[in-house]
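We have chain A; now place chains B and C onto it with these hints.
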Amino acid sequence: MYNKTAVIAGIVAFLVICSSPFWCGFSSDSYKKPEIVTQKDKNKECVEDVAFMRAEHMQLLNEWRDQALRNGSRVYVNAKGKKFDISLQNTCLKCHNNYEEFCDKCHKTNNVEPYCWTCHILPKGSK
Amino acid sequence: MLKSLLVVALVAAIAWLGASAGLGSLFGVVLPYVAIAVFLGGVVWRMVYWAKSPVPFAIPTTGGQEKSLDWIKQAKWDCPDTKWGVVKRMILEVFLFRSLFRNMHAEMKPNDAVNGGPRLVYYSSKWLWVFALLFHYCFFLVFFRHFRFFMEPVPACVGFFEMLDGMFQIGAPRFYMTGGLLFCAVLFLLLRRLANPRVRYISLFQDYFPLWLIMGIAGSGICMRYFTKTDITQVKAYIMGLVQFHPISAAGIDPVFFMHVALVSVLLAYFPFSKLTHMAGVFFSPTRNLPCDTRRTRHENPWNPEKNFLTYPEYEDMYREAMADAGLPLDKPLEKKSGE
Amino acid sequence: MAKLPTPEELVASRPEFPAQSWFDYKPKFEAGSYCYPAQKPTMELMHMPNPHDWDPAADDWNLPENWKEILCDAFADRLAKHRSLKLFMDICVRCGACADKCHFFLGTNDPKNMPVLRVELLRSLYRRDYTLLGKILGKTIGARELDYDIVKELFFYAYQCTECRRCSLFCPYGIDTAEITAIVRELLHEVGLGIHWIMDPVKNCSLTGNHLGIKPHSYKEIVEMLADDCEDIVGIRPKTPFNERGHEILFICPSGDVFADPGIYTFMGYLILFNELDLDYTLSTYASEGGNFGSFTTFNMAKKLNAKMYAEAERLGCKWILGGECGHMWRVINQYMDTYNGPTPAHMQTPVSPITGTVFENAASTKMVHIAEFEADLIKHGKLNLDPSRNDDLVCTWHDSCNPARAMGLLDEPRYVLKHVVNKFYEMPENTIRENTFCCGAGSGLNTEEIMELRMRSGMPRGNALRYVQQKYGVNRMCCVCAIDRATLPPLANYWAPGVTVSGLTELVANALVCKGEPKRTMNLRQEDLPHLDEEEQGE
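Residue numbers (our numbering), protein chains in the order written: chain A, 153 to 279; chain B, 4 to 343; chain C, 23 to 562.
Read the hints as simulated data drawn from the structure, not as lab findings.
Please note that the accuracy of each hint is not assured.
[Unchecked claim] To give a feel for the contact side, a few chain B residues facing chain C, derived at Cβ under 8 Å:
(1) S71
(2) G120
(3) H249
(4) N311
(5) L331
[What the hints assert, rightly or not] Here are some chain A residues the structure puts well away from chain B; computed CB gaps all over 10 Å:
(6) E197
(7) C198
(8) E208
(9) H248
(10) C271
(11) L274
Backbone N, C-alpha and C define an ideal beta-carbon position, used for all residues, glycine too.
Chain A extracted, bound-state conformation (with noise of 0.2 Å):
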């Protein structure tokens, strides 16, 4: 008794489900990395240097919200002694005010999805 059937649908079942990835990405086009739209004004600088942002701005926020909500502080104060006001609407929105070309396109294509906007409201224009 070889079981030859279920061995064969055995290996051809292990071999589809984990190359799965490749048939996908072959049928959809070439992936590119989303280019973000960042601000109107290029002078102007935001709380933080780009590098950081980019890595930390989720843990940012996050803090923003606790010192805020939690702890009724609103100031911050960056790495280089400036000071800020703490508040997603008129700080962040301010310059960042296009959600779909900044905040969406990351998140989406990473799959993340921020809890902010269970509070606050989406930027308009967006949906």
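This is chains B and C only, laid out in the frame that chain A set:
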């Protein structure tokens, strides 16, 4: 134990140093491609190797009451007599580790009150089952979550599991329970190997090696997500490059990422040549995947030799006289001796 | 025979694990640690390969010159024949779940008696010759090259495993040490290594039809004598049909039941029961062995000894075969017989109970029914007039024999029967019964005197559980459906729970069976006074 740790540490260090020195494409392109090819080819080769030998006898382990008389309740899950029943038994075995769930612990009480002397007592022992289950499921979910890097668009179910996994919304980026639990479960399996004198006695290099490797993988992953950080937009672009067979430059990605990839690659390439093949092997196990209907259905053995035994005529030839004296029926009557 | 330590001493004398790794420590061949080797003439007579004289305690085992080549080739051959072997060599993760499931390990605390290490002895050789990493890394990853000491080690531990399959129940991948032990024994036979206690019955069975070497006329004589005893007890002489053609049923039981106390009472039970049912059956002096010691040597030997059953059913024109109480006999019948010697002769039919009309669909292919199934069906249909109070002197417990439990699933049928023939029945602790049952400690051909202490050790889990119900409920009788058990459990019970006796199921059935027209019964099958006799006398 230490040797295997050393090997894993060496792999990690080489990958980290290599990537730092600009050899990212070696650890990020060549190694993963080779590893995946070895993994796929190796596991298939292993399955074919097993399948080349027949299953000469039907030897299911009956884990409960057989199917016999209509009014006797059969243990349908543990002693199935149909194909569908076997499928159910295998599902229990593969997804819930049914056999391991049976585990118990025997302890000698030298002065048992009832026995008035020594008595072996059996305690339920589910720790191994709990952590084994935890380990395998967490590992699977962690791997599954990574499909957000392997596919574009990301399948909805990946998002669903991420949502569940990060349900408690601890920190940012959200803490994924499976990552932490995977690390804990591997740690438990490792400590158990070291602390339990019996298991320690039987443990070999290749028992510790995958544990260290997986610890390294989980550790470097956790590290990248929560501590050292890496630009995942770049990472996704990089991985999609691999998936779509046009790799892009490794520039701008943290060396820890290449360490992570190197460890995963080693695990994949090691897989088909090690005990890790139990993943495929469990499906082949003849004590589990055969129906307990061995008296109802004939199982064929391809190398069944010719029958060769003492036949009745030979037997009667040997004992005819004595049999006749004892009044036993004979096929060939005793020849009357001359003169009678 | 050396004097046995007390149970307390035995438990306390289990050594700690050795300090060396298992690669370095070797088993000690001392009197009592090994079974006597098979004799050269026996091996020659059975055409076994490389028969020779040897002594396990000696340094030189007189192996054939090219023993290494023979063993390596044989191993390769078995790998090609058994998918299970390849698989079990490859997929063990050494989780250790099997360790304290083995009665030999529990009793000896010898690490190599942990099922995982028992298999690892062979697996280490496999690694060296069949895996890439083993070839490169050698000892680092537990690969060894076959040497003389390893042959000895394999012999030592292959005969400290009773193939009871308890470990396979707990293994997450179903790795079955019984399969490995069977194959290791087969390999050892290739270089002429076997044990007397197995090969002698094998020789007997292939020459006379049964393990004990009872010749046809003696077989008849013994059975007639037992029938006489039945007459003394029941008042009716049961018929004893031998080698008769044209009966519906061929009855085959282990020859131990014809020959050895307390099996003979079970045999008397068969005779009384069949006579009461007026069953259309015959015994056979040719197929006078249900058991199969061949299954403890090689698969082919098992096939050879088993072949007589269908051959005799064909010759005598029987429609189906009823099988007596025996453990490994039923392992062979349930899982191997049809494969070995089937398909069944053309005229045989799916078994139907002539008394109740029940069709045994579960035996449709093998056409063999277990006596416990047959009896349970009779009782369910009310075909037996039973007086369980005749067994009131007994407080019973049920020992699930390993083979019917884990290679057949025969658990509730015998319990159903037992509960109808005795009034007092108590189960042993739940982790020691049913599919979790512990072996008697001496199955698979290890029921020999020279390893008595080892048997008491390996029987410790069963002995402890028995003592528990003895002390707690006053159990004085352990019942089972296995002829090897009936031989091995009396000394075991005598050691761990003195006062408990052992019997087969059908003995108790026949005790309780009120036969048509029988005079008032005063004795049980052991010719002991029935209980309640005094009360009845007073009542009269």
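Here is how each hint holds up against the structure:
1. S71: holds (5 Å)
2. G120: holds (6 Å)
3. H249: violated (33 Å)
4. N311: holds (6 Å)
5. L331: With a minimum Cβ separation of about 6 Å from chain C (threshold 8 Å), the hint on L331 (chain B) holds.
6. E197: At about 20 Å from chain B, E197 (chain A) clears the 10 Å cut-off, so the statement holds.
7. C198: Fine: 16 Å to the nearest Cβ keeps C198 (chain A) off the interface.
8. E208: violated (7 Å)
9. H248: Holds: least Cβ distance 16 Å, greater than 10 Å.
10. C271: holds (12 Å)
11. L274: The claim holds: L274 (chain A) sits with its nearest Cβ about 18 Å from chain B, beyond 10 Å.
Going down the numbered hints, you'll see the structure goes against 3 and 8, while the others check out.
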